[in-house]
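Novice: Below are the chains, spelled out letter by letter.
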Amino acid sequence: MATGTVTLDQLVAWLSRFHELVTEQRGYLTELDSAIGDADHGANMDRGMSAVMEKVGATGAGSVDELFKTVGMTLVTSVGGASGPLYGTFFLRMGLAAGPVKELDPPSLGAALRAGLEGVVARGKAETGDKTMFDAMSPALDALDAKISEGSSPGEAAVAAFAAAEDGREATRPLIARKGRASYLGERSIGYLDPGAASTALLFQALNEALAEGTP
Amino acid sequence: MKKLINNPESVLADALTGIEAAHPSLRVDHVNRIIYRRDPAQRGKVALISGGGSGHEPLHGGFVGFGMLDAACAGEVFTSPTPDQMQEATQVVDGGAGVLHIVKNYTGDVMNFEMAAELASVESGIKVESVVTNDDVAVQDSTWTAGRRGVGVTVLLEKIVGAAAEEGQDLASVAALARKVNDSARSMGMALTSCTVPAAGKPTFDLPEDEMEMGVGIHGEPGRHRVPLASAAEIAEQLVDPILADLDFTGAPAIVMLNGMGGTPLIELYVAYGEVHKILAKAGVTVARSLVGNYITSLDMAGCSVTVLRADDEALRLWDAPVNTTGLRWGI
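Protein chains in written order, with the working numbering: chain A, 1 to 216; chain B, 1001 to 1332.
Derived by calculation from the structure, the hints in this document are not laboratory data.
Since the model is a prediction, treat every value here as computed from it, not as a measurement.
A virtual CB, placed ideally from N, CA and C, is assigned to each residue, including glycine.
Hints may be right or wrong, so weigh each one.
Here are some, though not all, of the chain A residues that point toward chain B, as calculated from beta-carbon distances under 10 angstroms [to be verified]:
(1) 40
(2) 88
(3) 123
Let the hints inform the model, and build the full structure from the sequences given.
Specialist: This is the structure in structure tokens:
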């Protein structure tokens, strides 16, 4: 059973793939957001991740905490709305938890992601079933942690995390939104996927693809 | 939809250029998208900053000046500004007495201002207090939503609290007054038409010719219900009743604002105000001061909102104090 580490290059590949996915799915995310929000999630995430990749490409990063601090601050300052602070806080907290290292072993990867999720909760106060990005991210991390504690490789854990994130995204469809602008729709928000849960599923799709590529 | 713009992508930048050209009393930081007073306030004064998505003009940039705000951070149309903008504004306007952030209760605005306050205190040691306005009675279920939205009271608060800061009150007093003003006011809005966000190019929602949306927020968020179009008298009743049901406004002087959403002519706003005034008088509410016009708008939306503030002599005194901004000016 492989228990390899995740390198800085793989983390950059994760971000790069996330950027590609939000750019490809920009229209889809915006469409989801038009139904129950304000129709800007695709444009905002695309703008934010484009800025991130420009910054990461220009400055590079010597360590995991430096990389994620750059990502977090860039998202916070370029996205606006609620997604900027939420995704920004996610990466800032990941960086703080990871520390000045060059690679993450599986437990450290799990711990960093968990710290990111805790940051999202602190910022957005969301709970399970509020129809937010939490509903995709929380099950994804539970699945990832379970695999890691069994001794799986980061790549295998990411496969499980991605599957759980997609299930979590789909599970937001019948929910009534209780956070953000969609909450003002009340029952009218039933029947639509949460745009934040959809972009979070893309985040784990990207992680899955980045770690699969790097796994021997 | 016809728009008086060059390009949907550059609306905010172009508007800031126009604001700076039109008003020598203001200074615009085009990089950070912040509107400042041309003459910085004196040291020792608590500074007031606000901000939010654009499209609600004159709020907030139109209320920068003597007696109101020290700076306003402009976000893209209907999108909250970012923490670095607020942090920059906080550092520039701080005169040593601290800074009050005035935030409308919208999820994005609240989160971005929270991050800005954290960054400002961690990185520069500036004392920051925040007040979140949430006066919109249209939101009935505050527990299972993001809570009541911050709307009309924001204008009244910036005026009253701005005057207190100008007098030299300290940060704690200014913040306490701001919370008291917010807690003493209620608002309710309605739309006759949707608005059109320049970047979207089409109306945000469909509203048939013979219907209106009661209880809309300032971005065209859905309200309490969609009902058949009615007369100004009936509309006034549907706006004022939920306000009076939510807070007792008798036995104190009231400040009343009849606000246009941006696409309704002033003559119609006066028709509506006449009806609102009548209903309030009948309900035993003494209107001590009133404001009629476009102050917190929703682009080109037709419609209006009513805000009633339960005031006291001190609030009236601060309301009457001199103010010199592009959006409100008296006593100067």
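Novice: Give a verdict on every hint.
Specialist: Now the hints, each set against the structure:
1. 40: Where the cut-off is 10 angstroms and the nearest Cβ of chain B is about 6 angstroms from residue 40 of chain A, the hint holds.
2. 88: holds, 8 angstroms
3. 123: holds, 6 angstroms
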